Amino acid sequence: MARPIPATDVLLNLFGAPHQSDLVTSALRLATALLDRGARVQIWTCGDATGLTSAALGDTKPRDLTDLERRHPSTALIVRDLLADHPDRLYWYVCRFCADDRGAADQIPQVSKRSPFLFAEHVKAADKALVMGVC
Amino acid sequence: MTDHLLIESGGPQTGPACERFVGDAVRLAGDGHRVVLFLVENGVTAALPGAAPGIETFLRDGGEVWVDTFSAAQRALPAADLAADVRMVEMDDVAAKLLEPQVRAVWH
Amino acid sequence: MPGEVVQEQARWLLIMEKAYRGSVETQFADALYVVPDLHRQSGGGCDLALRGPAVGYAVRTGAPQPPLRLGGRTLDTLPDPRASVTKVLDAGVTVLVEEPDLTALGRTAADRLLPGVQVIEAYGLAARWPSYEQVWFL
Numbered sequence: 001m002a003r004p005i006p007a008t009d010v011l012l013n014l015f016g017a018p019h020q021s022d023l024v025t026s027a028l029r030l031a032t033a034l035l036d037r038g039a040r041v042q043i044w045t046c047g048d049a050t051g052l053t054s055a056a057l058g059d060t061k062p063r064d065l066t067d068l069e070r071r072h073p074s075t076a077l078i079v080r081d082l083l084a085d086h087p088d089r090l091y092w093y094v095c096r097f098c099a100d101d102r103g104a105a106d107q108i109p110q111v112s113k114r115s116p117f118l119f120a121e122h123v124k125a126a127d128k129a130l131v132m133g134v135c
Numbered sequence: 136m137t138d139h140l141l142i143e144s145g146g147p148q149t150g151p152a153c154e155r156f157v158g159d160a161v162r163l164a165g166d167g168h169r170v171v172l173f174l175v176e177n178g179v180t181a182a183l184p185g186a187a188p189g190i191e192t193f194l195r196d197g198g199e200v201w202v203d204t205f206s207a208a209q210r211a212l213p214a215a216d217l218a219a220d221v222r223m224v225e226m227d228d229v230a231a232k233l234l235e236p237q238v239r240a241v242w243h
Numbered sequence: 244m245p246g247e248v249v250q251e252q253a254r255w256l257l258i259m260e261k262a263y264r265g266s267v268e269t270q271f272a273d274a275l276y277v278v279p280d281l282h283r284q285s286g287g288g289c290d291l292a293l294r295g296p297a298v299g300y301a302v303r304t305g306a307p308q309p310p311l312r313l314g315g316r317t318l319d320t321l322p323d324p325r326a327s328v329t330k331v332l333d334a335g336v337t338v339l340v341e342e343p344d345l346t347a348l349g350r351t352a353a354d355r356l357l358p359g360v361q362v363i364e365a366y367g368l369a370a371r372w373p374s375y376e377q378v379w380f381l
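Residue numbers (our numbering), protein chains in the order written: chain A, 1 to 135; chain B, 136 to 243; chain Z, 244 to 381.
If we strip away everything but chain A, and leave its shape as in the complex, we get:
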């Protein structure tokens, strides 16, 4: 039985691919600004954006060979920490079909994989829904 979807102010559908533009940065900036204003936010990822929370990323990016001591957080860690910062107001969903299709089936436990058949339910649970980027 599907878990109930919390009511939210905004659903940000992150469909565009990472590493192609500043889309992911914009989505995270907008989410942060909304959360700072007390809003409740869902994020739903599709396509290659499902890889942002892949368990395979671990906590850190590969080392900077020119600065070995410095650690750089992975997107998986950044998202995990953002969720921990807002435990009752931020919800992160990953399209199950896209995650499987793009080799990101193994996700961090803090996000929820959802069937694309349930997408409209997430739209209905939010006052506003943006689709950011294309798969």
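In case anyone wonders, no lab produced these hints; they're calculated from the structure.
All of these numbers come straight from a predicted model, not from anything done at the bench.
All C-beta atoms in this analysis are idealised placements derived from N, C-alpha and C, irrespective of residue type, glycine included.
Don't take every hint at face value.
Said to hold, decoys possible - Selected chain B positions facing chain Z (in silico; Cβ < 10 Å): (1) M136; (2) H139; (3) P151; (4) R155; (5) F156; (6) H168; (7) R222; (8) K232; (9) P236; (10) V241; (11) H243.
Unchecked claim - 30 Å max Cα-Cα, derived DSS-like pairs, lysine-lysine: (12) A:K124 / B:K232; (13) Z:K261 / A:K124; (14) Z:K330 / A:K124; (15) A:K61 / A:K113; (16) Z:K261 / Z:K330; (17) A:K113 / Z:K330; (18) A:K113 / A:K124; (19) Z:K330 / A:K61; (20) B:K232 / Z:K261.
Assemble the complex: chain A is given as a structure, and chains B and Z must be docked to it using the hints.
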């Protein structure tokens, strides 16, 4: 009449795609709707004078052009170099607009 | 098992302008694939607009989709956008194109438009945005 927040992230380098979306903003403003066109990421280059011709028509028809301060700074675009009638904003301003109940938003 | 359809009909405008996004890696799962189900999920409320290069999805090619040989493999499961648009139309989705995009695709494009696709004037789409709950570039 309705309130719209249109968000352009690609900018003039995307050619017809940006031009069409700015044209959509022009059409909405021309039809009398209240429209904010928020330029973010590479979209901020549309705020350079003459870079996106539809912007002037949009402003003339009562539209508002907002430019993301963060994106402009990343791209070494000082406000003084941008078109005179644009407004530099923070993401907090965009969040506030998006949360206004009557505002409909479209990301491009 | 599919999720429940929303009780009241939503009004969603889906706009596609980025086209041909990876024939080999996408195969059946192109952007058009999800449209019939989004239409079902919205309670029958989706309209699809094909803009820019994507307008070609609604124009007959006059030849079957050729398979692709890659080494010893013949890949015959490449996307077939015209078949996909036909499925979208059969699902009851209204499919719209703007006239300038047809013109830009060549002198015979308008004559080869798939039956059922509606042509509207330039920027006629934006005039309709206020009538939709959601306007998404997909």
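Hints the structure violates: just list their numbers, smallest first.
-> 7, 8, 9, 19
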